[in-house]
Amino acid sequence: MIRILKQIFHTGIVTEQLPPVTDPELMKIGVQLEKVIQERFRGSLAIRQVDAGSCNACELEIHAVNNPIYDCERFGVHFTASPRFADMLLVTGPVSQNMEIALRRTYTATPRPKLVVAVGDCGCTGGIFGKSYASLGGVDQVLPVDAYIPGCPPTPTALLQGILRAIGK
Amino acid sequence: MSKLKDAIVTAFGADAREDAGQCPSSVPALIVPRERFAEAAKVLKKGYALLAAEWAADETPYGRGFGVFACYRKESEYLIIKTLAPQTDPTFPSLTKKFVPAYRFERQMKSLLGVVAIGHPDTRPWIKHEDWPEDAWPLRKSFDGSKPLPRVYGEYDWIRAEGEGVCEIPVGPVHAGIIEPGHFRFQAVGEDILNLEAKLGYVHKGIEKRFEALSWSDASRLAGRVSGDSTVAHCLAYCHAVEALTACRPPDRAQWLRALFLERERIANHLGDLGAICNDVAFAILFYHFMRLKEAVVRTNFALFGHRFLMDTIKPGGTLVDVDAAGVAAILGEADWLAEELERLVVIYDENPSVEDRVRDTGILSSEKARELGMVGFVARASGLNLDCRIHQPFPPYDRINVTIPVLVSGDVHARAWVRIEEIRDSLRIIREILKSLPDGEIFAPLSEPLPDTSGFGAVEGWRGEILYWLQAGPKGEINRCMVRDPSSLNWLGLEQCIHGNIVPAFPVCNKSFNQSYSGNDL
Ligand code: SF4
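Chains as they are written, first to last, in my numbering: chain A, 1 to 169; chain B, 1 to 523.
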């Protein structure tokens with residue numbers, strides 16, 4: 001226990017402010033974030049992440065959004081296990097043929113407003129996997145998409161900015 | 001001198017022909033008659049070899065039907081046994097009776113190529129789901145991979161358990177956490193698990209088919225996206241196979257840099273996994289601390305090499321990025337800091353009885369089972385198997401840099417965690433050694449075009465374990481076939497087998513301790 005306490009005091013608070021955003025439009029959304037979540041989502045935006053065929057690097061960055069450095073929970077953004085509690089689906093991957101049905105079902109189980117965010121070059125356009133017998137070529141081939149976050153994979157900052165974009169609309 | 005090859009030549013005599021197109025020549029390849037394919041497995045099993053991979057290739061562009069391949073490994077040797085199956089009768093004798101890993105390889109060959117193993121006990125499709133048309137064999141040349149696939153009706157025949165009090169728990173493909181999709185089905189009595197069966201293939205993106213449409217240089221980007229957490233290792237194994245095909249020797253500096261990237265990838269992923277294991281036993285403080293360390297590593301990657309996970313930093317012939325003196329200093333400084341931070345966390349992990357209670361004796365994979373199932377990587381090393389390509393098949397610079405690998409015998413979650421801790425320590429040491437002896441010079445050597453009807457082989461020890469690539473050049477010098485063997489294709493079976501006798505709530509931490517790739521398995 002002593003070691004744990006020592007570790008806590010030794011490390012201090014590592015959470016940092018988001019890097020300054022160069023795009024003034026994004027800056028505006030960033031400032032609005034807590035306000036929008038407060039107004040539209042009663043202070044808490046619940047996200048269900050769905051991997052629809054990603055290579056797993058996009059997932060690693062979504063993990064990073066939850067790490068103590070980015071700490072998305074402080075903005076009221078948190079990830080939920082069930083789509084039934086989710087306000088937003090964060091979908092990665094080009095949508096594989098074998099995940100299409102599960103993705104549609106997850107969407108059906110999600111209550112309104114059912115925001116959908118396509119993550120990564122794959123989620124946006126199919127990326128390097130393109131359109132094929134096994135890959136449908138992007139989230140918008142299957143679901144209506146509210147916001148796109150390109151990148152391979154998008155950085156945690158880009159992910160946060162994309163989420164803000166989707167709810168700031 | 002290859003003992004495995006000699007064993008086959010002695011047993012087969014003139015029936016075993018050399019496959020001269022196989023590069024590098026250090027990986028010998030023999031062609032045997034189809035009816036003796038399983039007999040070769042028997043001979044090699046007697047010589048204590050293990051099956052590392054099995055695959056087929058559509059060789060109709062060469063007017064030959066299908067090539068069927070099995071790759072065996074023993075200590076420092078690989079041997080590829082090939083046989084030919086005519087287009088009119090695409091069958092071969094199954095190896096499942098000799099080697100358990102053949103079980104999924106052969107199901108996959110049947111599903112994706114329509115090449116059937118005679119005598120295989122399981123006729124269900126694998127990777128290909130039940131709603132695909134039966135004759136959709138994407139890896140055949142006659143299959144147009146660009147067209148969408150129609151869905152047909154089909155059902156998957158799950159293994160069942162019946163009796164009083166037996167219940168079935170289906171999990172996935174969409175899991176509770178932020179992880180890749182797959183379906184697990186438990187049969188349980190109360191909380192005790194009777195059986196676990198995994199069904200994978202949900203993230204099948206047609207990667208092997210996609211390779212065939214790309215140029216040799218573009219394909220290295222795709223290899224870097226087979227399993228995004230192992231981007232360096234996959235890309236490197238692909239590069240080794242291409243470089244074997246073209247007899248290219250990347251400059252020393254490039255090889256040292258590649259090893260630097262590989263070890264940094266190992267450290268970052270092991271840190272993440274240690275955190276995730278602690279999280280799954282509800283020890284949140286270590287989860288956050290390990291994640292903090294991992295974030296520091298990937299940020300340094302970004303600052304020095306332009307990508308947090310080092311994607312697209314290497315290509316056939318060398319590397320795309322270099323490091324300067326300031327970069328070297330930054331990495332060395334980080335290594336010192338990381339070592340100190342890590343040791344503090346390790347003590348906390350080691351001294352906490354509530355963690356110990358959950359990770360010790362949980363999900364035990366015995367040495368015998370691990371060997372029988374052909375486990376690789378840290379899973380093998382946690383179950384008493386001394387396997388590591390960096391030591392047994394040392395690719396440069398590991399032929400000149402000393403690697404020490406931990407081998408534990410308890411085979412439980414704790415062993416799989418502790419092997420990672422030891423590997424981080426060793427990787428930090430390796431990184432210091434690499435940077436101390438980093439050669440000067442170029443970072444890229446130009447490549448020639450591969451010759452038709454040659455094939456190249458590459459093996460790399462990624463953070464999960466041995467990754468194999470086998471490439472075959474087509475008549476016009478294009479990619480005719482790219483076989484990818486992620487460690488997960490073997491290790492997933494280990495998860496199913498370690499779970500017996502455990503309770504359902506222990507599954508998440510067992511799964512985390514394996515942390516196998518879905519994408520690398522499904523392709
Ligand atoms: S966008 Fe890039 S990182 Fe994300 S899933 Fe696709 S290939 Fe992987």
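Hints are supplied without guarantee of correctness; some may be wrong.
[What the hints assert, rightly or not] For lysine to aspartate or glutamate, the following DMTMM-like pairs were computed, each having C-alpha atoms within a straight-line distance of at most 25 Å:
#  : chain 1 : residue 1 : chain 2 : residue 2
1  : B       : Lys42     : B       : Glu368
2  : A       : Lys6      : B       : Glu422
3  : A       : Lys6      : B       : Asp131
4  : A       : Lys6      : B       : Asp15
5  : A       : Lys131    : B       : Asp350
6  : A       : Lys131    : B       : Glu478
7  : B       : Lys369    : B       : Glu478
8  : A       : Lys131    : B       : Asp144
9  : B       : Lys45     : B       : Asp144
10 : A       : Lys6      : B       : Asp350
11 : A       : Lys6      : B       : Glu130
12 : A       : Lys6      : B       : Glu478
13 : A       : Lys6      : B       : Glu368
14 : A       : Lys131    : B       : Asp324
15 : B       : Lys46     : B       : Glu18
16 : A       : Lys131    : B       : Asp135
17 : B       : Lys147    : A       : Glu73
18 : A       : Lys131    : B       : Glu197
19 : A       : Lys6      : B       : Glu197
20 : B       : Lys74     : B       : Asp15
21 : B       : Lys141    : B       : Asp453
22 : A       : Lys131    : B       : Asp122
23 : A       : Lys131    : B       : Glu372
24 : A       : Lys6      : B       : Asp336
25 : B       : Lys436    : B       : Glu449
26 : B       : Lys147    : A       : Asp140
27 : A       : Lys6      : B       : Glu77
28 : A       : Lys131    : B       : Asp357
29 : B       : Lys199    : A       : Asp71
To be clear, the hints were calculated from the coordinates, so they are not data collected in a lab.
Hints, verified against the model:
| no. | hint | in the structure |
| --- | --- | --- |
| 1 | B/Lys42 <-> B/Glu368 | holds, 19 Å |
| 2 | A/Lys6 <-> B/Glu422 | holds, 24 Å |
| 3 | A/Lys6 <-> B/Asp131 | violated, 56 Å |
| 4 | A/Lys6 <-> B/Asp15 | violated, 69 Å |
| 5 | A/Lys131 <-> B/Asp350 | violated, 48 Å |
| 6 | A/Lys131 <-> B/Glu478 | holds, 21 Å |
| 7 | B/Lys369 <-> B/Glu478 | violated, 41 Å |
| 8 | A/Lys131 <-> B/Asp144 | holds, 12 Å |
| 9 | B/Lys45 <-> B/Asp144 | violated, 39 Å |
| 10 | A/Lys6 <-> B/Asp350 | holds, 16 Å |
| 11 | A/Lys6 <-> B/Glu130 | violated, 55 Å |
| 12 | A/Lys6 <-> B/Glu478 | violated, 59 Å |
| 13 | A/Lys6 <-> B/Glu368 | violated, 43 Å |
| 14 | A/Lys131 <-> B/Asp324 | violated, 40 Å |
| 15 | B/Lys46 <-> B/Glu18 | holds, 21 Å |
| 16 | A/Lys131 <-> B/Asp135 | holds, 20 Å |
| 17 | B/Lys147 <-> A/Glu73 | violated, 42 Å |
| 18 | A/Lys131 <-> B/Glu197 | violated, 31 Å |
| 19 | A/Lys6 <-> B/Glu197 | violated, 44 Å |
| 20 | B/Lys74 <-> B/Asp15 | holds, 22 Å |
| 21 | B/Lys141 <-> B/Asp453 | holds, 16 Å |
| 22 | A/Lys131 <-> B/Asp122 | violated, 31 Å |
| 23 | A/Lys131 <-> B/Glu372 | violated, 39 Å |
| 24 | A/Lys6 <-> B/Asp336 | holds, 20 Å |
| 25 | B/Lys436 <-> B/Glu449 | violated, 35 Å |
| 26 | B/Lys147 <-> A/Asp140 | holds, 18 Å |
| 27 | A/Lys6 <-> B/Glu77 | violated, 49 Å |
| 28 | A/Lys131 <-> B/Asp357 | violated, 48 Å |
| 29 | B/Lys199 <-> A/Asp71 | violated, 34 Å |
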